[in-house]
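Residue numbers (our numbering), protein chains in the order written: chain A, 3 to 385; chain B, 16 to 384.
The set of hints was computed from the structure by calculation and includes no laboratory data. We put the CB at the ideal spot given by N, CA and C, even for glycine. Incorrect hints may appear among the rest.
Simulated restraints, written as ranges between beta carbons of each label pair [said to hold, decoys possible]:
id: 1; chain 1: B; residue 1: G229; chain 2: A; residue 2: I70; range: 46 to 56 angstroms
id: 2; chain 1: B; residue 1: A322; chain 2: A; residue 2: P85; range: 49 to 59 angstroms
id: 3; chain 1: A; residue 1: Y134; chain 2: B; residue 2: R199; range: 34 to 44 angstroms
id: 4; chain 1: A; residue 1: G103; chain 2: B; residue 2: P230; range: 56 to 66 angstroms
id: 5; chain 1: B; residue 1: S119; chain 2: A; residue 2: I184; range: 22 to 32 angstroms
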Amino acid sequence: MSTSIRSRETGGPATEPATGGPTGARPPRGAGTVRVKSRPADRIFFGLSFGSAVAIMVILAAVALFLIIQAMPAILANWQSNPDLNEGPTSGFANFWSYVGPLIWGTLWASAIALVIGAPIAIGIALFISHYAPRRIAGVLGYLVDLLAAVPSIVFGLWGIIVIRPLLLPLTDWLSDNLGWIPIFAGAPSSTGSTILAGAVVLAVMILPIISSISREIFLQTPRLHEEAALALGATKWEMIRMAVFPYARSGIVSATLLGLGRALGETMAIALIISPSIGFSVKILTEGSNSQTIAANIALNFPIATSLQREALLGTGLMLFVISLAVNFVARGIVARSTPGRPKRTKRRAAPPDQGAPAGGAMIAGAAFAEPAAPETKGLQA
Amino acid sequence: MTVLSRQSRLTGKEPGPIRNTLATGALPRFTELYVLLGALVIMGGAFLLMGFNLGGWLFLSAILYLVGIGALSAVVENRRKALDRIVRSLVVIAFLLAIAPLVSTLVTVTAKGIGELNWGFISQTGGAVFDPATLKVTITTGALQAIVGTLEITGMAALMSIPIGILTAIYLVEYARPGQWMARTVTFLVDVMTGIPSIVAGLFAFSLFALLVGPKAFSGFSASVALSVLMIPIVVRSCEEMLRLVPHDLREASFALGVSRFSTIVKIVLPTALAGIITGVMLAIARVIGETAPIFMAASFTDNFNANLFSGPMQTLPVLAYTGYKFPGQDIAASNASAWGAALLLVLIVVVLNIIARVIARIFAPKTR
């Protein structure tokens, strides 16, 4: 390691400053822009890769821009007098905001239920794989859970219709009979099972892999010494997890949950196929026909039958969904970035290429830090 | 301390053979198994009396088991150990709760779709054919148009996003200085892009082509654009990880020999990381091939065979599965059946892609170490 750094310090800047190198030897500007001996192929290739990076910025900006441009007419239109908006899916709303408001509520509500069901289970799964399962089969079990992320959402939707709806019927009846006085269980229970509860259960299944793979990765990074110290003091396994693992992973769990929320917010097919909705503010989860509708499912259901201006109204709701999920993702990423205890290896690795994370002599540490999280990392990518 | 006092109390009560001091105050080895079996049997009996229900039986058995093991452990051991046992059981239950949907989904799709999946389904175009002479609508089930559409749209999306994704990853790892403004922004934006809801990507593609081409601008290419938006961040993330795994010594050895940066990347770094990159790309394809909403928005759906990526609505497997259920034709049963057939076909494709990715990763993985 030290030799390699020295070689770069002395020979590096002459041939290759762009890798950065240790702080002292860093060239004034970065990234191949100041190549002394760069050949045409070099410059073209740098241009291409830089261009791709720029393209990503452009695409993201374009997503926002085109949605805004296309949605503006419907957002600004007078919904009461416009004949086009007064029929079909958009009829009966005073303006765009009174149309999108209940939809936003429905989206948040369905995702919240999914999160309440899914997040504890996902964290349990992560704990099982990281701390309870036998070491030898833990990898395979983790792969099985990740496989959940590979199943297309439409398949989950169809599965929800066939399996989850009838499965939940007895529970719905029981809840309605015994706990009907609680507002969310109020109303006549659905006889087909097309409730927001069934949709949320399917959503919960779909967000399991994303939450559990991120949490698992963080649980595995808990310092071994903390865990062993807790066990040596006589803690049971659960006490060890509560005292050593959870405090270390808290911010990671929160951001994993938020990323799961982001996934749930935008999920379309499960909700569109399962629940029978109406646009309105409703907290009832057992009824059919008076469920809240989500933005994504509303778009999917009405897009084919919508007229031009109605389509623009739907685009407007899509824009709102975009803004909401962006906000959730911003917060989640912000927590990841800010939390030093949560994932120090990750942030360090992200910030610096392998050899610069550790000063001279750190090759072993850097190498180990790489080899270990590599496996869960690649698995997590599916999610 | 507690263990000792408990033991002395126990031995005081029932003077018998001398106990192993390490084994006292602990439940015998297979207690958890026995309690579990007991809970299942008791609840099974109760449910047989009232009418059987698999979900309810398992659910109530689990609760009975948790209560049982907690009480037993609290009496024989202590409250801390009881809590520990309960949590252990809860964690195992959580895992089973994740496996159950996976198994259930695969079993359901296979059972429902296997009858539909034959050569005719794969090789002919399905849909309603109206015969003006007899005024009859004949319905054929087939998914050829959807298979072709899926392959073309996904292939086009892959063609667009793989180069952009890999090149961006190369920029981030090989060119950008850590902490540089541009690198941080791009990394952040890629993270943000991962969170774009798929339906928003579809709406984006639709509005883009609506502005460029006209209001009825459904085309397969538009769907490819939507899928690219979803696919690029996945490719960037996986390639970035893989490129960072390439040992720096390799690059330095190459630079030391006077090899240019371009040649180093193309001839040293990329070949070393190739297996991982292919794995990541495969998984990304598997991920977007099952997307329904964006394709539905951008390419609409059709029963007609359309292999032209650049004009007219195109059918794909996930959309066929969706429309077969949500907007069935006259013969509802046939529509539903072809929906399941399409779903099974889709799952098979995804599973095959995943297996290929795993095999590639398994075969070539050690090289990078």
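Hints, one by one, checked against the model:
no. : hint                                : in the structure
1   : G229/B x I70/A: 46 to 56 angstroms  : 20 angstroms, violated
2   : A322/B x P85/A: 49 to 59 angstroms  : 39 angstroms, violated
3   : Y134/A x R199/B: 34 to 44 angstroms : 38 angstroms, holds
4   : G103/A x P230/B: 56 to 66 angstroms : 27 angstroms, violated
5   : S119/B x I184/A: 22 to 32 angstroms : 29 angstroms, holds
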